[in-house]
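Protein chains in written order, with our numbering: chain P, 14 to 567; chain E, 8 to 158; chain G, 173 to 423; chain Y, 17 to 376.
Derived by calculation from the structure, the hints in this document are not laboratory data.
Treat the hints with care, as some may be off.
Under the rule of at most 20 Å between Cα atoms (straight-line distance), these lysine to any residue pairs were calculated in the SDA-like manner [stated by the list, open to error]:
(1) P:Lys362 <-> Y:Arg65
(2) Y:Lys290 <-> Y:Asp269
(3) Y:Lys290 <-> E:Leu101
(4) Y:Lys266 <-> Y:Lys290
(5) Y:Lys290 <-> G:Arg226
(6) P:Lys444 <-> Y:Ala56
(7) Y:Lys290 <-> Y:Val272
(8) G:Lys346 <-> Y:Pro297
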Amino acid sequence: MTAIPYSPDYAAPQTGRTTYLNATHTIRSWLLTKDHKRIGILYMISITIFFMIGAGGAALVRINLLTPAGILSEPAQYNKAFTIHGVMMVFFFLVPSIPATLGNFLLPLMIGARDVAFPKINLASWYLLIIGSSFALSAILFGGVDTGWTFYTPYSSTFSNTHVVLMIVGIFINGFSSILTGLNFVVTIHKMRAPGMTWFRLPLFVWAMYATSLIFILGTPVIAITLALVAVERLLRVGIFDPALGGDPILFQHMFWFYSHPAVYIMILPSFGVISEVITCFARKRIFGYVFVAFSSVAIAIIGFLVWAHHLFDAGISVYSGLIFSLLSFLVAVPTAVKVFSWTATLYKGSVSLETPMLYALGFIGLFTIGGLTGLMLATLGLDVHLHDTYFVIAHFHYVMVGGAIMAYLGGIHFWWPKMTGKMYPEFWGKIAAAITFLGFNLTFFPQFVLGYLGMPRRYHAYPPEFQVYNVLSTAGASVLAVGYVLPLIYLLWSLKYGAEAGPNPFRSMSLEWQTPSPPPTENFERTPICSQPPYAYDLQTPMGSPVPTAAAT
Amino acid sequence: MADEHDHVVPTQVYARVLAVLMLLLVVTVAAACLDLDHIFHAPYWNMTVAVLIAITKAVLIILFFMHVKYSSRIVWAFASAAFVWLGIMMTLSLSDYTTRNFPEGSPTMPAVQTGPEIIRPAPRPDAVVPGASAAPLPHTAPQRTPAAPPA
Amino acid sequence: MTEHIATEHAHSLVQHQFEDAYQQKEAATLGMWAFLATEVLFFGGLFVAYTIYRHQYPDPFRQGALNLKWYLGGINTAVLLLSSFTMAMAVHAAAIGSNAKIIRYLVLTIIVGGAFLGIKATEYYIEYREHLIPGLNFAHDPPSEEEVGPFVGAFEKVQGWFDRVVPPRQKEEKRSDTEEMFFLFYFIMTAIHATHMIVGIGIMLVLIWMAKHEMFSAQWHNPVENFGLYWHFVDIVWVFLFPTLYLLRQP
Amino acid sequence: MDMESPLRIFPDSAATQAWRTDVLFFFELTISVLFVLLIAGAIVYMALRYRRRSEDEVPPYTPSPAIIEWSFMVVPFGIMLIMFFWGGYLYVQDRRPPPGAMQINVIGKQWMWKLQHPEGPREINTLHVPVGRPVKLVMTSQDVIHDFAVPEFRMKMDVVPGTYTVEWFEATKTGEYHLFCDQYCGELHSRMVGRVVVMEPEAYQAWLVGTVPNEPAAVSGARLFQSYGCAACHGQRAPTLAGLYMSKVKLDDGRVVVADEYYLRESIIEPAAKLVAGYGPIMPSFRAQLTEEQIFDLIEYIKSLGLAMDTSVPGALPTGPETRPSTQPFNGYRPDLLPNQPPARQPPTYNETGGSPTRE
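Isolated chain P (complex conformation) (with noise of 0.2 Å):
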C-alpha cells in the first residue's frame, strides 16, 4: 500500500483565483461565451427545465392510471400527455443530456485542450436547441400534440388534428443542434489532444463521446429528412408515408427508427463512459480490459445502426428480414455485456469507497443489467410477438433510459460538481438521494414487467380492471422517485452557497480534468499539459496521483 501524498500547490487557496465563472459576469457574457465550460453550463440549465416539462408530463401519465377508467376525463389529454413525455425526454432531454452538458464541459478538459475545435459552432449549437426547443414548447401550449414521439404515419400524417407540423419543426432543428455538437466532438477528439494524449490514454469518457458523435453525425439526418417528409405529406396532402395514394406506413418506421435506435445509443454511451469514469475513480483501479471497453463503445455505435427493424417484427416485414434483423440485435449485446462484465471485474481487489457518485454507479450496472437481459428478451422473434407494444416494452427501455442514463447522469453530475463549481455537495444528503431514486425507480416500473407480461397496451388511457393493482404501486413508486429527483436539485443549488471547498481534486483521480484548479480557468490550464502515463494508472506512484506533470509543452 503506497500513500497519493496531497500536494500543497494544488491545495492552493481557491478564492481570489480568475476562473471560467468569475472571469466575466454579464448575461450577455454568458450568451455569447464561446468558452466549453460556459457552454455546457448553460445546456445543463436548459436541460433541466426541458427535463421538469416531461416529467410533469409523466405525472399526468402515472396519476390517469391510478383507476380503471382512467382519471383524466378526457382520453385526447392522456394521449397529448404521453407525447409531451416522451417528446421532451427523448429529444430535448436524453439526447442532449450527458453528451452537451458533462461532454461540452469536460472533454476539452479530459484531452488537455484549451476548447473544442469550433467554439462558434458550439454556441450556435446551443442556440439551435433553444429555438427547436421553443418551437416543439409552442406546439404544446397551442393544445399539444398526441401522436406519441414516434410519429407513426398516417396517424401522424393524416389523421392527427392536432399540431404535428409545429413539434415537428422543433425536433428538425434540434436534431442540427445535435449533429453539430458531435460534429465539433469528433473533430475536437481527433485533432485538439495534449501531446502524448495517444488515443488509448484517452479516458473511457471520451471514448463513449467519440461514439457518441459517429450516431449524432450519421443518424440524425435520417431523422430529420424522415420527420420533414411527414410535414411535406401533411401540409400538401400528397401521399409519401399514407398508404391511401400508395405509400408504405412501414417505410416510415423503417427510416424512423434508423435513427431512433442508435439514439438509443446516443443516451446509453455516454452514460458508458461516466460510469467507467466513476468506478475506476473510486475503486482505485485500472479499468479491467482497458481495449474491450474502448472497442465496445465504439463497437456498440456501429452495430447499433444494423437493428433497427427490431422494433418492426410485428409491424408487417418479411420473416426473413425479421430474422436477421433479430441476429444482429443479440449481437449488439455482446459489446454491452462487455461493459457490465469488466466494471464489475474492475472492483475486484479495488480500494472501494462508497461516495455518492459511486452509489449512483453501482445501482447503475444493477439497473442496466436488468434492462439489457430484458432486451435480450424483445429481441427474441417468438418473445417479441407477445410481448412487443406492452407495457414489457416500457419497463424495459425505462430500465434502460432512466434507471441507465439518468442515474449516470446524476451520477457525473455529482462526480465533476466539484469541478464545474469548486463547491462539495453535501455527502449526506446525496447517499439519501441515490437510495430514494434506486428504491422509487424499482418500485415504479418493475410492476409494470408483470403488466407487461399479462398483456396491458401501452399508451392506454382506461385499461380492464385486473391491472390495476399494479399501476397503483407504479404510480406510488413514481411519487418516491419524484422525491428522488427533487432532493439533489436543492441540496446542489445550496451547495453553490454553503457547500464546502472542494479543492482541485477532492476524489483523488488521476485523470487529467482533474490536474486543474476547480473551478478550471477560462483556458483549462495554466500550461498545455503532457500526457506521459496510461489511463487510471492508479498503482504508478506519482505525486499526488497526477499521471501529469503539467510542466511547460513548448
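Dock chains E, G and Y against the given chain P, drawing on the hints supplied.
Same frame as chain P, but now just chains E, G and Y:
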C-alpha cells in the same frame, strides 16, 4: 504531413478529370437510350449501369476535385464512412422489401407447397347450413365492450 | 451551418484554442468532411425512400421519368460539372495564394451555377404548366397544346425530336396516383439540392468579398478550400439525381 | 378466465402458441435472473470485501487477461444464439398459418374491429371462434395502423392500411379473452378493445345458425363483380378468374407468383404492379372506389369461383380438431342453393360510430 496536405494539384489534372466526367455523362445518356434489360434478358440492367456510372463520376470528383487522393487517411475514412452508412441503410431496408413475398409467397399464404395446379383451400364445414340440427343459442348481439366496464 | 464552418477562421489567423495554423487547417477540413457526411445521409434518406418506392412501383415511376425533359437535365449535369471544375480552379488559385484568380474563378462559378438554377427554374415552370406539381396542380390528364402555351410547347417539340430518335416505350397518357408520388420525390430532392446551391452562391459572395480584401494567402485559405468541398458535394448529389430521376425510362 | 381476481401475475394460456411462448420466456427468465444475481452479488461482495480502509491506500495493479475478456464475449453470445434460433423458430410458426385454417377477415378502423366470417356473419369487436381449430386472420385497416392482439393467445400483429397482414391461432380453452388494439391509433385507442369468445364446436355451429343472417361474402362479391362490369373484360381481354385462387400465375416480367389474397388485393388496387403474362395494362385502379369490405367480398367471390362445384349439401360439423376435414366436399358458391337475400350489403348490426378521419 503538412507538405503532403498543401499539395497543389496541377490544373491539367482538373481539366482531364472534367473531360472524363463529360464523357461519362454522354455514356450514361447513351446507355439510358438502349433497353439493356431487353438486350441482356435480365432486369435492373439499365439501373445498374446508370448507378455504376454515377458512382464512377462521384469517385472521380471526390478523389481529384475534393483532393481526397492527396489527403490523410482520416479524411479517407470520413469520406467513405458516410457512403458505407448509406449502403447499410439501403441494403437492410431492401432486405425487408425484397423478401416480403419470398419464398412461401406473400404473408397471407399458408405454409404449403403450391404446385402449378389449383390448391384447394380446406373446406369450410362450418358454413351456414339451413336447418342444422343444433339447438340455436340466443344470439349474442355484437357489441363494443370498452376495456373498463363502468362497474 | 456551412457559413460557420467555412468562415470559422475568417477573422483571426490562428484561434486561441489551436496550437498552430496547421492544426487549425486540419481541424477545419475534418469538420467540413464530417458535415458532408451528415449531408450524405440527409440526401441518403430521400434516396432510400425513392429506391424502395421505385422497387414497389416500377412502371408508374417510369411513366413519371418519361414526363421529364431529360435533355434539360443532361445539359444541367454538364453545366454543374463545369461549375465544379471552375470551383476546383478557384481552390487551386487559393493554394497558390492569388486573390485575383480566386475572385475570377469564383465569379465564373457563380455564373455557371446561376445558369444551372436558371435551367432548373425553366424546368419547374414547364412542369407547372403541364400540371405536374403535386399538392399544387397535379392533374391525371395532361393539359392540351394551347393550355401549356407556346413556350412550353417548344420544349415539348424538342422532346419530340429526341423521342423520334429513341421512341419511349409504353407511354401512357393518363397519370396515376403513384406517378404523383414520383413527382413528389422529384420536386423534394431537386428543391433541396437547389437550396444547397443558393446557399453556396451566398457563401461565394462572402468569399469574394474576403478575397477582395486580400484575406487569403498560400498559407491560409481554409474557407475557400472547405467551401470547394461543399460545392463539389452538391455536384455529386446531382450526379446521382440525374440518372435516377431522368434516365430510367426503359420498361 | 376470471377477470375479477385482483392479483394475476401470469396470463392464461388459451392457444397453442401460448405455452410454446411461455416455455421460451421462462428459459430466458431463468438465465436473466442468474446473471442479475451473479453481477449484483459480485458487486455487493466486492464493495464490502475491498472497501477503502484508509484515505491514502492505493491498491496494487491486477492484470486483466484477454482470455477473460473474450469469455465475456463468447459465453453470452453462445447463450444468445440459443435464444435466437429458438425464438426465430417460434416466429416462423406464428407467421405461417397451417393449411386448412378457417379464415376470418378483419378490418380495423378508428376505433372498432369489423370481423367477417366468410359464410356471412359479421361482428363488431367480438369474435366467436370454435375451440381446437386453427383460425387464420386476414387483416387490414381502413385508416391508420392498428394491432390485433390477444394476450391469452400470446398473439399480436399490426393491422396495416393498404395491405394485408396475417396471424393465426388455435384456441385450446373455451372462454372469453381480451382483444386489444396494441398499436396507438388515435384518441380512443384505449377503447378499441373487444372480446374473443372461444366456444365448443357445437355451440359455435349453433351460434353461426342463430346469428343475424347475412349473405355469404362470396354472394356480395358476385353482385359487386356484376355491378362494376368486371365480367366485360375478365375472360376475354383480361385473364379468367375461374380457378385463379392459389394457382401459380406467370407475370409478364417472367416472375411466377401465387394468387393468394395478397396478390388478388394488389391486382385490384394496383393492377399494373403484377401484370399477367400476355395481357396489357388495361385494368383501371380501384384504389379509391372500393371499401375494404368490398375488396374482401370480391376476393371471396374469386375464391368461390376457383373451387370445385358439387351439389352435395355439406354434412354436419366435424367434432373436434382431430377430424379436421381435408377431403370433405366443399359447398361452393351455388346461387341456386343460396337463400335469396335482399341486396342490403351492410348487416343491421353495424353502427359506424367511433369517429372518422379528421384532417387538420
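These are the hints, each one checked on the structure:
Proximity of P:Lys362 to Y:Arg65 is assessed by CA-CA distance (about 8 Å); at most 20 Å being required, the pair is judged to hold. A C-alpha spacing of about 9 Å is found between Y:Lys290 and Y:Asp269, which places the hinted pair at or below 20 Å, so the restraint holds. For the suggested pair Y:Lys290 and E:Leu101, the alpha carbons sit about 19 Å apart, so the restraint of at most 20 Å is met. For the hint pairing Y:Lys266 with Y:Lys290, the CA-to-CA distance comes to about 9 Å; that is within 20 Å, so the pair holds.
A threshold of 20 Å between alpha carbons decides the hint, and for Y:Lys290 with G:Arg226 the separation of about 14 Å falls inside it, so the pair holds. The hinted pair formed by P:Lys444 and Y:Ala56 meets the criterion: a straight-line CA distance of about 19 Å does not exceed 20 Å. Restraint check for Y:Lys290 and Y:Val272: satisfied, since their Cα atoms lie roughly 10 Å apart, inside the 20 Å limit. A C-alpha spacing of about 12 Å is found between G:Lys346 and Y:Pro297, which places the hinted pair at or below 20 Å, so the restraint holds.
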